[in-house]
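Colleague: Listed below, chain by chain, are the residues.
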Amino acid sequence: MTENLEHSPDAHQEKAVAEAERFLAFTLSGEHYGIPLLKVKEVIELTKITPLPYAPNYFKGIMNLRGQVISVVDLRLKFKMSKAEIGSQSAIVILDLSPLCLGVIVDSINCVLATERSEIQARPDVESQVKSDYILGVIRSNQDLVLLLDVERTLNAEDFRTIESQTKARAA
Amino acid sequence: MVERDPELCNCFLDEARELLENVEKCFLNLEMANEDPSIMAQILRVAHNIKGSAGAVGVHELSKFTHKLESVILKLKNHNCTVQAKLVSLLLLCCDFLKQAIELLRVDISKDIQVEDLVSRMELVLACEMCRKRNAMPGSVTGTGACGFEHGNCSGQTSQPTDQMEFSVTTQQPSPKKSIATSDDSIRVALSRIDKLMNNVGELVILQTGLSQTKHLMQSAAQLETVTQMDKIIRDVQEITLKLRMVPLTQTFQKMKRVARDTSQVLSKEVELEISGEDIELDKNVLEQLSDPLVHLLRNAVDHGLESSEERLALGKSPKGRISLSAYHSGGRVVIEVRDDGKGLDPKKLMAKAVETGILDPDTKLSDEAAFELIFAPGFSTKEQVTDTSGRGVGMDVVKTNIMALQGEVAIETELGKGTSFRISLPLTLAIVDAMVVRLGHERYVVPVVQVSETLQIQDRHVSRVGETGSVLRLREENIPIRGLGRVLGQISSSSVSGESIGIIVRDKLQNPHCILVDQIVGQQQVVIKQLGNEVDWLSGVMGAAILGDGEAVLILDLQELVRSRAPKIQRANMGRVNQASQPQKEAV
Chain W
35 MTENLEHSPD AHQEKAVAEA ERFLAFTLSG EHYGIPLLKV KEVIELTKIT
85 PLPYAPNYFK GIMNLRGQVI SVVDLRLKFK MSKAEIGSQS AIVILDLSPL
135 CLGVIVDSIN CVLATERSEI QARPDVESQV KSDYILGVIR SNQDLVLLLD
185 VERTLNAEDF RTIESQTKAR AA
Chain Z
1021 MVERDPELCN CFLDEARELL ENVEKCFLNL EMANEDPSIM AQILRVAHNI
1071 KGSAGAVGVH ELSKFTHKLE SVILKLKNHN CTVQAKLVSL LLLCCDFLKQ
1121 AIELLRVDIS KDIQVEDLVS RMELVLACEM CRKRNAMPGS VTGTGACGFE
1171 HGNCSGQTSQ PTDQMEFSVT TQQPSPKKSI ATSDDSIRVA LSRIDKLMNN
1221 VGELVILQTG LSQTKHLMQS AAQLETVTQM DKIIRDVQEI TLKLRMVPLT
1271 QTFQKMKRVA RDTSQVLSKE VELEISGEDI ELDKNVLEQL SDPLVHLLRN
1321 AVDHGLESSE ERLALGKSPK GRISLSAYHS GGRVVIEVRD DGKGLDPKKL
1371 MAKAVETGIL DPDTKLSDEA AFELIFAPGF STKEQVTDTS GRGVGMDVVK
1421 TNIMALQGEV AIETELGKGT SFRISLPLTL AIVDAMVVRL GHERYVVPVV
1471 QVSETLQIQD RHVSRVGETG SVLRLREENI PIRGLGRVLG QISSSSVSGE
1521 SIGIIVRDKL QNPHCILVDQ IVGQQQVVIK QLGNEVDWLS GVMGAAILGD
1571 GEAVLILDLQ ELVRSRAPKI QRANMGRVNQ ASQPQKEAV
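Going line by line, the protein sequences match chains W and Z. Its first residue numbered 35, the first sequence is counted upward by one per residue in my numbering. Its first residue numbered 1021, the second sequence is counted upward by one per residue in my numbering.
Extracted from the complex, chain W is given alone in its bound form (with noise of 0.2 Å):
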């Protein structure tokens, strides 16, 4: 597909169109990151969240949106980063990813970033805070590299359950 693209410019820019792929994009912890702004439902501000028993430290609690009961997962200490520092500009994304809906709390909301799939770049192998298997890839956005994450992989049920038992082993 890509070779054909090259040929004609006219088609190129179709194409484009076509394979843009846009991102919300955010910092966690002086890095930026990127999520698939079709996983996006909404973004809102900080809210009261509701600690669960018996869960792992980043799984923050349940929160109230409109009437519907969400969990809601702090991305910084799931990646290990240092406990964020509740600010101003600190927000929730709620993430659809169903069947799960998500809440995830992000230090800042940047932009939303428009790119062509062909300008996602595999990711490099440096070191950064987040796991890599996390990474899908990254891309550049003026001077910043914006790791692209992969959500689903991120933030899955089973994922939970497992480090879930692990604190509770640890714990007994």
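These are calculated hints, taken from the structure and not from any lab test. Just so we're clear, the structure is a prediction, and the values are computed from it rather than from any experiment. If a hint is listed, it holds; no wrong ones were tucked in.
Once the Cα atoms are required to be at most 30 Å apart in a straight line, the calculated DSBU-like pairs of lysine-lysine come out as:
(1) K1369/Z x K1340/Z
(2) K82/W x K1252/Z
(3) K82/W x K1235/Z
(4) K1095/Z x K1106/Z
(5) K1216/Z x K82/W
(6) K75/W x K1216/Z
(7) K1277/Z x K1340/Z
(8) K1304/Z x K1216/Z
(9) K1340/Z x K1373/Z
(10) K73/W x K117/W
(11) K1369/Z x K1420/Z
(12) K1438/Z x K1420/Z
(13) K73/W x K1216/Z
(14) K1106/Z x K1337/Z
(15) K1277/Z x K1097/Z
Partial selection, computed: residues in chain Z whose CB lies under 10 Å from chain W:
(16) E1223
(17) R1464
(18) L1509
(19) V1548
(20) N1554
(21) E1555
(22) V1562
(23) G1564
(24) A1566
(25) L1568
(26) E1572
Ideal Cβ positions, reconstructed from N, Cα and C, are used throughout, including at glycine.
Once you have looked at the hints, place chain Z on chain W.
Modeller: For chain Z alone, coordinates are given in the frame of chain W:
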């Protein structure tokens, strides 16, 4: 094959389904109130309606079928045939067939419907010469004609058919008239929409509460007036929304009439079914799961409960067995009772049978009450032979399991020779629970009131220390272990017993008391149970979440589950499904 318009068809199918529910009731009434012209007229109307609509949407087989049915009913109406159990059975069969056909069409709209068998049986009825010339030859009026039915004569000169099973239904409030009036004024709504509506209304109430709290800041009287008015209306809306899920028992009970009738016919027993409390309403979810247990209980009542007519006569009872199916409110719950006046349960026989089938150890001594509970054991049956109606020992097990899943209870009351009654007590709804809001530290939790047997201020002089950390509350005759809620919930730091603490006494399934300490009881209110997502299905001891008046989401604790062991075990049980949270599990000894 005719092209069928799916829109039109769906409309027809919905309509037909409702009509059929009504018509079944009519057929049963027919048997009871012989040849009431108004009932006949109603059946005719329904048949005609279905015929017309079926023709219009292109389901010609059905329209042909209902045409025949119409002819049969017309014949009945014109007194060319008497109403008999057998004929009613045929009519009910037709009704069943129509229902099946409707369901088939719902799945596959272009399906062909085979009607041959029943049509030919109806034709027999219609074609039967003896029916037609009923008065021509008086001598031959009785006896069985070609149609397989006995021919009675309206002028009253013929004898009663002998092989006719008697079955009658009495309803305390006469309802046929009411049902005619209410057949059309309802609509079907997807449950998911109602849930969404409930979410939004809940949120509306919270916002309104916020607004009401700022009333004192409002300057203009008009504004104040508006807010006050809005407050009332929103409460109204909330109440109505909560009631949307509630459905009367009428249709379920209707089905039971049919079950009792069919079972009594199969077993050749005379049964009189008495029904009351049809208009009591239950949550749709509860109602759906109630049907199976009720069917089992009724069949059991007819089959095991009631003696045969001869036995009854010999015992000096009326030959007709009586079964009553009643529903009533009791203490915030709905009780449904199935009572028969049959032979009752014999604890000795039950125990002997249980030993024989290997369910019970021969040396075990059981109280009578415990012996009655044996009938709920899977695989237990007192019948020697497996029949269509009973004998596999599955039924009562199903009853118990289904009712438990609905957070309900089944109680047996029986007297040898006098009869048995099964009392099912159910919560009105699974969606709302009466709850106590408690505080521990900064967090609030919700506890279902039904689980709390009492609450009290803990006084130091009533507390004895046991070991290093344990403490026991001496309350009246009992020594009750005390545990902080924090510790139960796995928090490392938990407040120690002090005069400030409030104790909540919870009794577990074995009635053992436990005392759980909280900092404060905030209040009591009804909360809507919101289910938690799959991502937290590892969480045990939690029934779900509730959204409190200030919009905060808090956990609804299942204290009974939490006190089962000191540190709640990790359970893979899906806590998202609230029903299962309270299902009893084997006590760890």
